[in-house]
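Chains as they are written, first to last, in the numbering used here: chain A, 1 to 384; chain B, 1001 to 1384; chain C, 2001 to 2384; chain D, 3001 to 3384.
Simulated from the structure, these hints should not be mistaken for lab results. All residues carry an ideal CB built from backbone N, CA and C; glycine is no exception. There may be inaccurate statements among the hints.
What the hints assert, rightly or not - In the DSS-like style, the derived pairs of lysine-lysine whose C-alpha atoms are separated by at most 30 Å in a straight line are: (1) Lys1382/B x Lys209/A; (2) Lys3019/D x Lys1019/B; (3) Lys3379/D x Lys2019/C; (4) Lys2019/C x Lys2052/C; (5) Lys382/A x Lys1184/B; (6) Lys1382/B x Lys382/A; (7) Lys3209/D x Lys3184/D; (8) Lys2382/C x Lys3019/D; (9) Lys3382/D x Lys2019/C; (10) Lys379/A x Lys1019/B; (11) Lys3052/D x Lys3209/D; (12) Lys1052/B x Lys1184/B; (13) Lys2379/C x Lys3019/D; (14) Lys1209/B x Lys1184/B; (15) Lys1382/B x Lys19/A; (16) Lys19/A x Lys2019/C; (17) Lys1019/B x Lys1052/B.
To be verified - Simulated DEER-style distance windows between Cβ atoms: (18) Ser3035/D x Glu2095/C: 51 to 57 Å; (19) Ser266/A x Thr1044/B: 56 to 62 Å; (20) Ser266/A x Lys2019/C: 55 to 61 Å.
What the hints assert, rightly or not - Interface residues of chain C toward chain B, partial, derived using beta-carbon atoms under 8 Å: (21) Val2041; (22) Val2146; (23) Val2374.
4 protein chains.
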Amino acid sequence: MSTFGSAFRVTTYGESHCKSVGCIIDGVPPGLALSEQDIQVQLTRRRPGQSKLTTPRNEQDSVAIQSGCEFGYTLGTPICLTVQNQDQRPHDYSETDFFPRPSHADWTYLQKYGVKASSGGGRSSARETIGRVAAGAVAEKYLAEVHGVEIVAFVSGVGPIEMAGDGAELHALLAEITRAEVDKTLVRCPDAAAGARMQDEIMACSQEKNSTGGTVTCVMRNVPAGLGEPCFDKLEAKLAHAMLSIPATKGFEIGSGFRGTQLRGSEHNDPFVADGRGGLRTTSNHSGGIQGGISNGETIYFRVAFKPPATISQDQQTATYAGEDGTLAARGRHDPCVVPRAVPIVEAMAALTVMDALLVQNGRAATRARLAPVPAELKGIKPV
Amino acid sequence: MSTFGSAFRVTTYGESHCKSVGCIIDGVPPGLALSEQDIQVQLTRRRPGQSKLTTPRNEQDSVAIQSGCEFGYTLGTPICLTVQNQDQRPHDYSETDFFPRPSHADWTYLQKYGVKASSGGGRSSARETIGRVAAGAVAEKYLAEVHGVEIVAFVSGVGPIEMAGDGAELHALLAEITRAEVDKTLVRCPDAAAGARMQDEIMACSQEKNSTGGTVTCVMRNVPAGLGEPCFDKLEAKLAHAMLSIPATKGFEIGSGFRGTQLRGSEHNDPFVADGRGGLRTTSNHSGGIQGGISNGETIYFRVAFKPPATISQDQQTATYAGEDGTLAARGRHDPCVVPRAVPIVEAMAALTVMDALLVQNGRAATRARLAPVPAELKGIKPV
Amino acid sequence: MSTFGSAFRVTTYGESHCKSVGCIIDGVPPGLALSEQDIQVQLTRRRPGQSKLTTPRNEQDSVAIQSGCEFGYTLGTPICLTVQNQDQRPHDYSETDFFPRPSHADWTYLQKYGVKASSGGGRSSARETIGRVAAGAVAEKYLAEVHGVEIVAFVSGVGPIEMAGDGAELHALLAEITRAEVDKTLVRCPDAAAGARMQDEIMACSQEKNSTGGTVTCVMRNVPAGLGEPCFDKLEAKLAHAMLSIPATKGFEIGSGFRGTQLRGSEHNDPFVADGRGGLRTTSNHSGGIQGGISNGETIYFRVAFKPPATISQDQQTATYAGEDGTLAARGRHDPCVVPRAVPIVEAMAALTVMDALLVQNGRAATRARLAPVPAELKGIKPV
Amino acid sequence: MSTFGSAFRVTTYGESHCKSVGCIIDGVPPGLALSEQDIQVQLTRRRPGQSKLTTPRNEQDSVAIQSGCEFGYTLGTPICLTVQNQDQRPHDYSETDFFPRPSHADWTYLQKYGVKASSGGGRSSARETIGRVAAGAVAEKYLAEVHGVEIVAFVSGVGPIEMAGDGAELHALLAEITRAEVDKTLVRCPDAAAGARMQDEIMACSQEKNSTGGTVTCVMRNVPAGLGEPCFDKLEAKLAHAMLSIPATKGFEIGSGFRGTQLRGSEHNDPFVADGRGGLRTTSNHSGGIQGGISNGETIYFRVAFKPPATISQDQQTATYAGEDGTLAARGRHDPCVVPRAVPIVEAMAALTVMDALLVQNGRAATRARLAPVPAELKGIKPV
């Protein structure tokens, strides 16, 4: 369905040519200072037409808060956020509408629903992610204000070009990187040299009337320990779910990820030391900030794979819905590579995942805190 | 929480030293022929002590159907499945119990719950997966019987050793591989040469008192088109969620995955042709059987990364819960590499994911089918 | 939270003075013909200012379909419905704003959220029900079109005045009553004599600057057998949940209800006879169309109690939020009795409940239908 | 489905003749002292064979904790509770098995599932409520220990005999009544005179080979203010859902209930006064402890209607599944009136409802408490 989260719950609506797109967010903590501008910032980072690297379509994507706020504060009631579509009419059918676009959602939607939306992708349109980004901004507002959580995503690969750096270099970057630094380049890669080559690659694709894939890496700092549910709703499982729900994604890895499978356990394990504040920290972070499905207070980081956009500006040999072979003519304007604009979407889904886990854990912790203390050894403390 | 799925819903229970482990499955279609033996087969593939590659602990893991069946048929009511634990008593606390094991769930569980289960991992124990495998076998029974769905997972990497083959070779394997072939080698790798080297690698780890990671690839054939929900519950998002909920997993990729990010759109797109049965098929399958979050009827395949087990048979420098540096002495018996035993767990989670999506889609399709037909162009058909 | 239903899922948003109120409906079957007018009809029956019996506030409550439809058909994607608020600004605080209104939600909302919305009731405003009525109209459209379901609610009591008729007389009415007949009187009671007295009673309340309660009876004809889930989600349990979620409700009874507790089992049981179409029907209907939590195909009927509105046009002795005794001055305009306007709300919640149960059951039935048949005796048929 | 609750989540399993019945409880706060005896007390109050008023079947219904506890404390992980069935075999089919019992669930289950369980009621058996009562005892343990919540249900009506007392008399009883007092009479009515007549009525039914209905009233004292969700999950809506999910229930009313519909608003409103502890209380309680769907800290009370049991010890004219008229012969042993044994079931469902609402609200309140304070007027305080 179109709902994400259990305690902080976002339901999006809207497709490419309807009146508006947006979402309802239920479960927002009451008493949070919130303005439309808090939300607009990320929508503006997501919108098309930002640079020569993205589609030339230009939509302002201005958000309106319909409900759930008064006098600049959230009421704890559902917040409906809407963004008007500029192109609000379903198109008349044209020849190309009878071709399901290869590797797009046209054919599978028809299999699922038995009904075909007009040209433009309908619900599979990237415009659906507007509701996600808007809701993510609200979650982030709370996380930043109360826990100092910092969520920063950046482009780590475009086509065959990958950002340099692994091990210590990567961890130094993860510890410091900010959105301001990420936004210094159009391609949103904090490694200037790699970024320049990525930009060239995207421009080359554009000239070839082709598209290319890429990867986005995301780091979350200051996420409290204890978030995530054992078993099915492990924090990394929810993050994977969140990321693979973004259009065009093909993979997810957390911490050491696929490369970590090649290490020995003695190398991969993250030893504990006292953190000087009465708790523990780890001296390395192959775990990526999550152990046994639960955040351990260390930096969370993960990487997401995006395929090359299915819509390309060249003709394609394929079949109509009716099974007749033919040529799908190129049309429309598209992003040759989605990763620069995917950055705020990844951040939004990460924020939504953490906020939901936080609310659930706060309920458990507050409920437990009212009980009498358990014997010392049940808390890992050697009884004297 | 401990529940997976919405329409086919599995709730697992149990930890390492309680009386029993198992699950309740709600939403099983009524009238399905089902015996304990149908379930036992996969539990036996999962159980420890199967070979020299796995932990020498030997538990029979015999399943009992507590409810939901009569005269060999399911009633449509909840099926409770239980497996007795052989070691049913929490241990007395010993010195090592006051060390959270590095990269295990001990410390994060204490952060989350404020209570520490006795030695053995508690709920993060691999014994929790028994309930999943049992439930998965029930889902598979239906999927195989009604749709001929075939789900086969196999080991595709152990430490640095990866199974050969990409492209055509891989697709030929995915089209044919069976569980019987997978089980021919202890390591469960269908590539005999690579499998032999993987086995050596695992034995080497074992002798080093160390552990290693690996990858499992899974293929699903004959999954009907139309499964998966747009937006947040895309089929690949649910698969990613399911796989990352398995202990020790670090990554997931579907279809072309991370490698696919390096292709051009024109290479990556899967063109359509008529399938000869009134529908369409694709001539390539970079999509991995899912487009726009919805199955397209092609073979679904994905790969899952498992980290090296955190429990190793050598001493480790780390800290106690109380923050005192010290040496955690090696103890217990463990798997030097989990991937051979992870194979049926991956299959189970895949089956649960597809079965849940099928029930949801069957509800929508049956409900839609009772409506009057829509105009031809809304079905992608050019009106005459 | 603000979501109702699992497969047909409605999320409402909005409070009294925000920009708009409305809902997102997820799970609408694709291919349903749907226009704004289909929805407006019930909103118009619900809106204030319809007659001298209701509040003189006059709002048009015009609905706009934001998404999920194209060319007059539903797409199967989320439908967002919005209604603009005419009074879109939170008020300045006045003296009376520091009194929680007795038996209203002001004080409990503050306990819950720690934040007080401005005057007007915020989320507890009756305007929240606009989203429900709009969504209910969509559910009804399907139910009527495909199953011929007829849902009719009417006023059966106002203050001490109850509609005459029980037993055979009631059942004759339930078999025939239509919305057109209900709407013949302002008070929406199909018993003309009782209705006239109810109207007098409401006018008397209005002149006394007071309010009164009442009851609404609802009948659903042609609901298919097999809907409702055993155990926790029995159809009557979901109906009770739905009805008690309407503001100002205090009770629910189905079929024979509280009076049925006084009968002997031999009187209360509904014997079966062949229905002439290969199934069974019952010769009486004390069950109210539901047995064991599952619809049996007979007429479903139930009754809902509404308390007198808490807002009255006379001064009340009470305390401020700060605990100071004082007089809450009368202000504003209100309905002296909510039941006439509650009629379409009861119908809407009934439609939402049945539609959700239908989608779930359709999924199960379609999934089961693909299995091989079970032995005759498992279907209640004596084997020969 | 068979799950109740969102944050404190109970899933029951089992039918009349399977191996065992029971439940999994997920979301139990960790660190709660819990023993099997804590649970057994209520199961023993529920079990058959307690007195001459109940069925002579005698089952011990001894509960075993399978998981989720160690050293006498809950771990926060799922608790599986099981009770062995003494009669573990489905019966051979006999003549009477081909008659769906009037007003029982036999026919509707067959409509729903297409499969008929063997004699005994299958999943609609009262044995399903064992899991509820066991889970309710766990919820109650927490509520009593931390908040001093007292939940006491009692029989307030049997057939035409209703307990005396309304208004002040009733409220005095609700303020004081204990389970010990309730259990002083076999019929569990705290009004000795009425109780004696109720007992005679039940014995008369038994001798007539007939059955009778009744009502159960339940009071909850010391429930914290702020529980329950606006809109769809109002606390009274969840209570109504919970109560109507108990087999044989036909009605629910909270606070003033159906009688309250006859009052004027000025009589029905509950004025506020300072409670002497910095908050407010109400001087009357027509609201039944809930306003706007949210608990206000006053005593919660409600009444539940139970129909006469469908199973009676006399022959009944009815039809077979195949539609042939015939006589269903009396058989088996049954309760002539369920209300005495329903008392702990009502208490259990009430406890589950409140515990779930508490966990959700604790999450919200703890999350809000970390934000900076809002301006005074947003908290209902006149700014100076």
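Hint check results:
no., hint, verdict
1, Lys1382/B x Lys209/A, "28 Å, holds"
2, Lys3019/D x Lys1019/B, "16 Å, holds"
3, Lys3379/D x Lys2019/C, "22 Å, holds"
4, Lys2019/C x Lys2052/C, "28 Å, holds"
5, Lys382/A x Lys1184/B, "48 Å, violated"
6, Lys1382/B x Lys382/A, "76 Å, violated"
7, Lys3209/D x Lys3184/D, "26 Å, holds"
8, Lys2382/C x Lys3019/D, "26 Å, holds"
9, Lys3382/D x Lys2019/C, "26 Å, holds"
10, Lys379/A x Lys1019/B, "22 Å, holds"
11, Lys3052/D x Lys3209/D, "14 Å, holds"
12, Lys1052/B x Lys1184/B, "15 Å, holds"
13, Lys2379/C x Lys3019/D, "22 Å, holds"
14, Lys1209/B x Lys1184/B, "26 Å, holds"
15, Lys1382/B x Lys19/A, "26 Å, holds"
16, Lys19/A x Lys2019/C, "16 Å, holds"
17, Lys1019/B x Lys1052/B, "28 Å, holds"
18, Ser3035/D x Glu2095/C: 51 to 57 Å, "56 Å, holds"
19, Ser266/A x Thr1044/B: 56 to 62 Å, "32 Å, violated"
20, Ser266/A x Lys2019/C: 55 to 61 Å, "59 Å, holds"
21, Val2041, "20 Å, violated"
22, Val2146, "5 Å, holds"
23, Val2374, "5 Å, holds"
Hint compliance for this structure: hints 5, 6, 19, 21 are broken, all remaining hints hold.
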